[in-house]
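Using the sequences plus the hints, can you model the full thing?
So the protein sequences, as listed, match chains L and V. Each residue of the first sequence is one higher than the last, beginning at 13 in our numbering. Each residue of the second sequence is one higher than the last, beginning at 92 in our numbering.
Calculated from the structure, these hints are not laboratory results. Where a beta carbon is used, it is the ideal one built from N, C-alpha and C, also for glycine. Mixed in with the good hints there might be a few duds.
Coverage of chain V stretches by chain L, computed from C-beta distances (three or more under 8 Å per stretch; other residues unrestricted) [what the hints assert, rightly or not]:
id, segment
1, 130–139
2, 146–157
In silico lysine-lysine, DSS-like type, Cα no more than 27 Å apart, as pairs [unchecked claim]:
id, chain 1, residue 1, chain 2, residue 2
3, L, Lys69, V, Lys128
4, V, Lys162, V, Lys147
5, L, Lys69, V, Lys96
6, V, Lys128, V, Lys96
7, V, Lys145, V, Lys162
8, L, Lys23, L, Lys90
9, L, Lys23, V, Lys128
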Amino acid sequence: GAGVSQSPRYKVAKRGQDVALRCDPISGHVSLFWYQQALGQGPEFLTYFQNEAQLDKSGLPSDRFFAERPEGSVSTLKIQRTQQEDSAVYLCASSLVGELFFGEGSRLTVL
Amino acid sequence: DQQVKQNSPSLSVQEGRISILNCDYTNSMFDYFLWYKKYPAEGPTFLISISSIKDKNEDGRFTVFLNKSAKHLSLHIVPSQPGDSAVYFCAATPVSSGSARQLTFGSGTQLTVLP
Numbered sequence: 013g014a015g016v017s018q019s020p021r022y023k024v025a026k027r028g029q030d031v032a033l034r035c036d037p038i039s040g041h042v043s044l045f046w047y048q049q050a051l052g053q054g055p056e057f058l059t060y061f062q063n064e065a066q067l068d069k070s071g072l073p074s075d076r077f078f079a080e081r082p083e084g085s086v087s088t089l090k091i092q093r094t095q096q097e098d099s100a101v102y103l104c105a106s107s108l109v110g111e112l113f114f115g116e117g118s119r120l121t122v123l
Numbered sequence: 092d093q094q095v096k097q098n099s100p101s102l103s104v105q106e107g108r109i110s111i112l113n114c115d116y117t118n119s120m121f122d123y124f125l126w127y128k129k130y131p132a133e134g135p136t137f138l139i140s141i142s143s144i145k146d147k148n149e150d151g152r153f154t155v156f157l158n159k160s161a162k163h164l165s166l167h168i169v170p171s172q173p174g175d176s177a178v179y180f181c182a183a184t185p186v187s188s189g190s191a192r193q194l195t196f197g198s199g200t201q202l203t204v205l206p
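This is the structure:
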């Protein structure tokens with residue numbers, strides 16, 4: 013597609029459930045980023061891939077968060093044993109050089 | 092510890108007037124600054140940027156000013172239009188990012204342009 017595509021757009025999970033969020037970046041974009049945006053806040057960096065290599069995961073809040081990009085294209089952000097504080101919009105962005113292009117985000121609500 | 096701060100959560104401006112959105116940063120390693128615009132239920136979209144070697148960058152109705160000594164930047168929109176109503180995020184990135192722009196964002200300012 014022409015832009016970054018994320019799915020699902022909305023996810024409601026019960027506390028303790030595992031969730032997986034998918035990101036399809038713009039074709040040919042080498043760099044892929046995941047950000048977490050809490051209500052009323054700006055996006056906060058989670059992790060960064062260059063092709064299939066995860067070069068920075070310093071922003072992942074706990075070991076319950078895991079991201080992968082096995083073939084250097086589609087990426088999945090997995091959250092295990094979700095907690096209420098994980099409720100947020102998860103934004104994926106891709107880049108060739110320079111500016112980031114964001115998807116619409118996946119809104120996760122943990123009950 | 093917020094490295095990029097937008098101290099005004101909201102701003103209302105009359106159509107046709109100037110909108111000025113402000114942003115302060117603390118990390119002296121930041122060398123490239125961007126403004127993103129976000130409509131409800133959409134992802135942020137890039138608006139305008141400025142490198143630390145400049146103090147002004149203009150693109151149509153949008154101008155970004157950078158004051159490195161004060162660690163302050165601002166976005167001017169003139170004339171403001173109702174379609175400009177959105178949340179505006181200031182973002183910054185350090186020299187070490189290289190070609191991959193890992194951004195640090197402010198908390199955003201909701202701009203409302205009144206017709």
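We went through each hint and held it up to the structure:
1. 130–139: holds (count 6)
2. 146–157: Violated: only 0 residues of the segment 146–157 of chain V have a Cβ under 8 Å from chain L.
3. L:Lys69 - V:Lys128: holds, 26 Å
4. V:Lys162 - V:Lys147: Holds. Lysine 162 of chain V to lysine 147 of chain V sits at ~14 Å (cutoff 27 Å).
5. L:Lys69 - V:Lys96: Status holds; Cα separation ~23 Å.
6. V:Lys128 - V:Lys96: holds, 16 Å
7. V:Lys145 - V:Lys162: holds, 13 Å
8. L:Lys23 - L:Lys90: The given pair, whose Cα atoms are some 13 Å apart, holds under the 27 Å limit.
9. L:Lys23 - V:Lys128: Holds, at about 24 Å.
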